Amino acid sequence: MATDTDVLVVGGGSTGCGIARDLAMRGLEVTLVERGNLTDGTTGRMHGLLHSGGRYAVSDRASATECIEENEILREIAGHCVELTGGLFVQRPEDSDAYFEEKLEGCRACDIPARVLSGREAREVEPYLATDVKRAIEVPDGAVDPFRLCVANAIDARAHGARIETHAEVIDLLREGDDVYGVEVRHDSGPGTRVHRTPGSTEEITAEYVVNATGAWAGRIGAMADLDVEVRPSKGVMTIMNVRQVDTVINRCRPKGDADIIVPHETTAILGTTDEEVSDPDDYPEEEWEVDAMIDTLSELVPILTEARTIRSFWGVRPLYEPPERDTRDPTDITRDFFLLDHAERDGVAGITSIVGGKFTTYRAMAEEISDHVCEKLGVNASCATATEPLPGSENLEILEEGMDDFGLRSPIARRSKQRLGSRSREVLETDEANPVICACEGVTRAEVRDAVSQSGSDLNAVRIRTRASMGNCQGGFCCGPMANELHPKYDEPTARAALDELIQERWKGQRHALWGEQLSQAMLNYALFATTMNRDEDPADAAEPLEYAAFDHGGR
Amino acid sequence: MSDAERSIDDAPDGSTDEFEPIQVFPEAEEMDLRPGADNCYKCSTCDTNCPVAAVDDEFPGPKFQGPEQWRLKRQDDRDVDESVMKCSNCMRCDSACPSSVPLSQMHNTARGEYVDERMSKRSREYLRNRMLANYRRLAPLASTFPRTANAVMGLSITRWIGEKLLGVTSEREFPEFATETFREWWETRGGNAASKKRAREARAKRGGDADDAEKRIAYFHGCYANYNTPEVAKALVRVYEHFGYEVLVPDQRCSGTPMFANGMLDDARRAAETNVAELAAAIEDGADVVASCSSCSMSIRQEYPELFDFADTETVAETTWDAVEYLRVHEDLEAELAGTSVDDEFDSFAYHAPCHSRNQGLNGQTIEVMSAIDGVDVHDVGDSCSGISGTYGWKAENYETSMKIGEEMFEHMADADAEAGLTECPTCSMQMEHGTGYEITHTLEVLEAALVETGTDE
Chain A
1 MATDTDVLVV GGGSTGCGIA RDLAMRGLEV TLVERGNLTD GTTGRMHGLL
51 HSGGRYAVSD RASATECIEE NEILREIAGH CVELTGGLFV QRPEDSDAYF
101 EEKLEGCRAC DIPARVLSGR EAREVEPYLA TDVKRAIEVP DGAVDPFRLC
151 VANAIDARAH GARIETHAEV IDLLREGDDV YGVEVRHDSG PGTRVHRTPG
201 STEEITAEYV VNATGAWAGR IGAMADLDVE VRPSKGVMTI MNVRQVDTVI
251 NRCRPKGDAD IIVPHETTAI LGTTDEEVSD PDDYPEEEWE VDAMIDTLSE
301 LVPILTEART IRSFWGVRPL YEPPERDTRD PTDITRDFFL LDHAERDGVA
351 GITSIVGGKF TTYRAMAEEI SDHVCEKLGV NASCATATEP LPGSENLEIL
401 EEGMDDFGLR SPIARRSKQR LGSRSREVLE TDEANPVICA CEGVTRAEVR
451 DAVSQSGSDL NAVRIRTRAS MGNCQGGFCC GPMANELHPK YDEPTARAAL
501 DELIQERWKG QRHALWGEQL SQAMLNYALF ATTMNRDEDP ADAAEPLEYA
551 AFDHGGR
Chain B
1 MSDAERSIDD APDGSTDEFE PIQVFPEAEE MDLRPGADNC YKCSTCDTNC
51 PVAAVDDEFP GPKFQGPEQW RLKRQDDRDV DESVMKCSNC MRCDSACPSS
101 VPLSQMHNTA RGEYVDERMS KRSREYLRNR MLANYRRLAP LASTFPRTAN
151 AVMGLSITRW IGEKLLGVTS EREFPEFATE TFREWWETRG GNAASKKRAR
201 EARAKRGGDA DDAEKRIAYF HGCYANYNTP EVAKALVRVY EHFGYEVLVP
251 DQRCSGTPMF ANGMLDDARR AAETNVAELA AAIEDGADVV ASCSSCSMSI
301 RQEYPELFDF ADTETVAETT WDAVEYLRVH EDLEAELAGT SVDDEFDSFA
351 YHAPCHSRNQ GLNGQTIEVM SAIDGVDVHD VGDSCSGISG TYGWKAENYE
401 TSMKIGEEMF EHMADADAEA GLTECPTCSM QMEHGTGYEI THTLEVLEAA
451 LVETGTDE
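As they're listed, the protein sequences go chains A and B.
128 is the number that the numbering used here gives to position 128 of the first sequence; each next residue is one higher, with no gaps.
268 is the number that the numbering used here gives to position 268 of the second sequence; each next residue is one higher, with no gaps.
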């Protein structure tokens, strides 16, 4: 029986997109389905650390070694998603000397370049560090934009013939006897790029092989074919500061603990995190103490955080897994290694493999290993090229840096735009039309927004993750409307309005956890703006009864 | 021994607890002001109050120059946008902001960084700006031969060369240099000793304690009152002595205002260091500092503490006053003026409050003080900016913008029932005169005419 596709990948996070790209480059026919936008699960809810491996150098040297290897590869193939910030493991006076030594030895043993800085030298690198920090180990940590990286993988997979379906939720695994032969999905708005208000549909997609790359949701997908996948989702909070208090990744140099990392991420700094097991990855409490702990604990390293502005907080769920024979209580002790569960070997059900565990930095290596496995299963003889082929946007970056072209933009806007677009800058930013700034907080121009719209239909959250528009300090207060405006005339007014509603909701969601001080004032201003300029408080157009205009006078005296 | 064992922070004698603070922000242009962006809600009130943005569509406005540009910056970025040079440094955005964003501090440091990193030190623009910012360096030469200098500066050929060679607009007439500077007059008059005596006499005459040594001020005259309008400086001295104050005139350099506005922060730092040291010494001697120029007082009170951290910077900032403000607070100025009158030459004025007075919260005081004098009719010409903003309107490329900004003020001056102008800022006064042809007077000169008997001090 001919199938719709060779391989069906479930999950549009870093793992799924990485596998789709890898297999498509090897010449296989690939379809990827994702229930929301790309990165909507765990990938888009991480702190954006590109590990040097330093964090694992004491507890898990195998992971540490793998991290530094992949870190070096990503700098090459994904230069436009990565910022080489460097990182510090900072020791406070009360932190153990023995652990500091262990950390340093671990880094050396794993070939992670590491250098010890005095407290004074560390403060010269990062002036806002506490004045009493004792010393620090400098390592090649970096910052990575998970959205751009994931999207670039998907774009390249598509360029190699893959079909990428977002807003396509798997509602059933197709199983006959001991064989899984595909999935049934529900398209939110018909197949293809999402357009609001288009009627939904369901579709059966048959495949030679199914890869369950849904991370924390892997148990739920497995259950659809009566397969047990003992994933243990664990939540963690990330709190976003309005500006970068630091330009280097700051880690606390002590054994595991909550609130021990600050990652400079684009224009912001992200504080992380907590580690608490939850039963349902879609429904768990987002608690105030978690946010408070981030600020209180991390201000021991960077005191200015106590008075700094928080713009939002978000939670992610780690897809932790441990083989049934182990019995680890504390989720922080569960390995960050990944597991490939071949259900044929494990459960006697052919045609499907689940991937659980793992971490973002090593997504490519995981994808390579899984793709090797799939090829072996399908009897395909093809080798992996993802370690050397640059992602779209990262080809010939050195040429871009030499080119001084600012595309008529003011310098900081040109700089940030070129950093986001990499080698696609000219293609996107060179235009004969006027190119005003749409999102002033992040320096995103109309050309970049339009490019994103061309990739993702009427979905403004998809535009947001591609461009960072609406991710700055006003959290969309000033740019949500202008972004929706760019959907027109390709999409009609009701479609643009539905997309706008969805974006405003999404922006509000994270701000609920930052409503004090400056961000509270910002939310009040945003409310007033939305209400007075777009009737977002109560729109007469949405009323059941048409407005009685005759009830008003004509405004004269 | 591994790096980890190396005791880097330990002093040779083993005392490790003592923390020695390090100078993490040694230079103003290296300051990290990103946290200042936390206060910004993007409300754009600053943009709607910016006089440059109102007339120049190309200028992105203070919100971009300040919090947006700073927030987009990384520690190592060295590419401040060139539009920061179009900011006139009127600082109206500071008072417009409802949320205390340190806008002018952000603009000043960004401009300093732009000039340091991106402006060629051999460009005509740099040389011209450096010259304008350091007008004080040329002034002593001109005032040595004031008549020759005035004649040469007044020649149309000089102005033509100024524009072609340096980009200084030929539309404006250079201010005249006085034949005797204020400081020359002060020395001839007997300096501090003479002032001490006069103040003592005045105190006795006023029925106060002749030995009250508390009444002592240090006068920051700035450059313009010294070289160009010594009559303003003399008026200050006489008015203060009338109230029984002993006047000190410490050594001083430019306040720094034109240097901030041109991104010449090194020059500004050098000047500020001298001023802070000299003024701090005067304060130590029991004096309060007063200034007759609204930009000089603004600079010492706000910009010094925002940009520099020499010893005593804060003390000097807290002890510095506008000359009229000081009298209103420490004396009953209005009661003193009640029943006084002035000659016909001062009977009616169109008054413009300089932006830098406005920023100090002083925009209403002149009208109130003047109304206490019989026969003086003062009309406030509104809250617009005069448009010249120091050296800004002198640059050929800004001349038109400067005049467009000034238009509202010119119109209001023409509409007011007055044939003369009144203000406290030297360059506003140049602009007022340039736009209307009116004679412009400083408030202290009117106070002198009302309070001080003529012929007592020549």
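Keep in mind that the hints were calculated from the coordinates and are not lab data.
What you are looking at is a predicted structure, and each value in this text was computed from that prediction instead of being measured.
Watch out, some of these pointers could steer you wrong.
Claimed, not checked - What follows is a list of derived Cβ distance ranges for each label pair:
1) B:E439 with A:D406: 44 to 52 Å
2) B:R78 with A:T532: 51 to 59 Å
3) A:P494 with B:T48: 27 to 35 Å
4) A:W508 with B:T48: 39 to 47 Å
5) A:T131 with B:R270: 23 to 31 Å
6) B:T48 with A:D296: 36 to 44 Å
7) B:I367 with A:L515: 42 to 50 Å
8) A:D296 with B:A396: 54 to 62 Å
9) A:P93 with B:I367: 57 to 65 Å
10) A:T532 with B:R270: 45 to 53 Å
Virtual Cβ for every residue (Gly too), placed ideally from N, Cα, C.
Checklist entry - Okay, which hints does this one fail, numbers in order? => result 2 and 4
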